[in-house]
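For the record, the sequence lines run as chains W and B. In this text, residue positions in the first sequence follow numbering that gives the first Met the number 0: the first is 0, and each later residue adds one. In this text, residue positions in the second sequence follow numbering that gives the first Met the number 0: the first is 0, and each later residue adds one.
In case anyone wonders, no lab produced these hints; they're calculated from the structure. Certain hints may be false.
Remember, identical chains collapse to one label, so a pair may be satisfied in a single copy or spanning two.
To be verified - Pairs of lysine to aspartate or glutamate residues, derived as DMTMM-like cross-links and limited to a Cα-Cα distance of at most 25 Å, are as follows:
#1 K49 x D9
#2 K49 x E20
#3 K49 x D30
#4 K33 x D51
#5 K39 x E187
In case you want the letters, here they are:
Number of protein chains: 2
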Amino acid sequence: MSNLTSTSDDILRCARSLIIEGGYNGFSYADISKVVGIRKASIHHHFPSKVDLVRTLVVRYREDAETAIAELGRAYPQPADQLRAYTGYWAGCIADATRTFCVCALLATELPVLPSEVVAEVRAYFRMFSDWLTSLMEQGADEGTLTLAGTARSEAEGFIATVHGAMLSARAYGDPSVFTVVTQPLIERLVARRQ
Amino acid sequence: MSNLTSTSDDILRCARSLIIEGGYNGFSYADISKVVGIRKASIHHHFPSKVDLVRTLVVRYREDAETAIAELGRAYPQPADQLRAYTGYWAGCIADATRTFCVCALLATELPVLPSEVVAEVRAYFRMFSDWLTSLMEQGADEGTLTLAGTARSEAEGFIATVHGAMLSARAYGDPSVFTVVTQPLIERLVARRQ
DNA sequence: ATTAATCTACCTTCTAGTAGGATGACTGTC
DNA sequence: GACAGTCATCCTACTAGAAGGTAGATTAAT
Chain W
0 MSNLTSTSDD
10 ILRCARSLII
20 EGGYNGFSYA
30 DISKVVGIRK
40 ASIHHHFPSK
50 VDLVRTLVVR
60 YREDAETAIA
70 ELGRAYPQPA
80 DQLRAYTGYW
90 AGCIADATRT
100 FCVCALLATE
110 LPVLPSEVVA
120 EVRAYFRMFS
130 DWLTSLMEQG
140 ADEGTLTLAG
150 TARSEAEGFI
160 ATVHGAMLSA
170 RAYGDPSVFT
180 VVTQPLIERL
190 VARRQ
Chain B
0 MSNLTSTSDD
10 ILRCARSLII
20 EGGYNGFSYA
30 DISKVVGIRK
40 ASIHHHFPSK
50 VDLVRTLVVR
60 YREDAETAIA
70 ELGRAYPQPA
80 DQLRAYTGYW
90 AGCIADATRT
100 FCVCALLATE
110 LPVLPSEVVA
120 EVRAYFRMFS
130 DWLTSLMEQG
140 ADEGTLTLAG
150 TARSEAEGFI
160 ATVHGAMLSA
170 RAYGDPSVFT
180 VVTQPLIERL
190 VARRQ
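Assemble the whole structure, with the sequences as input and the hints as a guide.
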């Protein structure tokens, strides 16, 4: 019953981890075929074209992120704790090598050569993510639990950039600890009371 | 005379801009062939394999960066001014669309699927870059012109991550100004005197 | 006369994608 | 309960074009 759709889920999961490793042009239907144990043509039955596959993958990725963000808000009332939980989640994923990069951050680097349908979804993810962080920054500033150096939006953009850059550096050095070295001071600085 | 080697330079220049757009798997010899106005086979004469081409490209990229860094040190005695000149250079490149991403930052995202020869050179670039920034941070701290929150190395890693992340965000939003929005506070924070 | 640079022509492998058939589960109908 | 029809899933077999790369001839510079 519920595992009727499990094949297309398997395909999406596999494609996601392949994209995380090498981006849109770094994997093929043949690669998925080998991992999932299904023929190439069967993948085309579930996702007629590669664009379809990656587009749905990114859409779902964003939906999952939205759900996770909503849960984060319920679990942690304080913005600082939500930021800590977010970077902590990624620190764990990078350390145990389950998910060493954000799918949308990786696709964003290839944006100029990506099909327009995928570009639109990646951009939608960044907008959503930026809006969430901006509102978190605003909330923290209003409550007096976060100290912003600039506008809520610019602090949010700085946060996004630093987190994605930290993933990049961790990958470049082949050292997961770099992610924490970079992201921990980022939150401490926001939490620090202005002297 | 000097333009005897200009074809291989043209190939390297072209490959560089193609990599900046879409990474290692985002371009082919046929793409270069069209732009440079030379046949595929002629490219193979200059660079027997794609790995040769990209490896030499990255080696030269690092050498050019080392030269530029040395010049920066001569032009600006103050570490803060060197950091400003560095981010200012990139802000200009991104704004006029000449070079919208660091070649090594882009290749680093694809590291797991890159040929090992290229991986080695990309890593060498990151080490060189990190060493330079660390010594800059140390110098600034010694002179009292920079205020470090952590170690010189961790500040350097934070700087690298944020700059690369700022390139990523500028590309994701399709808005060059995001780069400056993110990198300007980064330097202001280091320059600010501790209260 | 030699050598570097370029060409045409080709090869092999991979790429995304298609055509059409086999299987099997779920329907409604008698 | 048997029967036919429908539909989803997966298969084999195939295509056209792009990929990286090679062989060997031609051209041009020294």
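List of violated hint numbers, smallest to largest: 5
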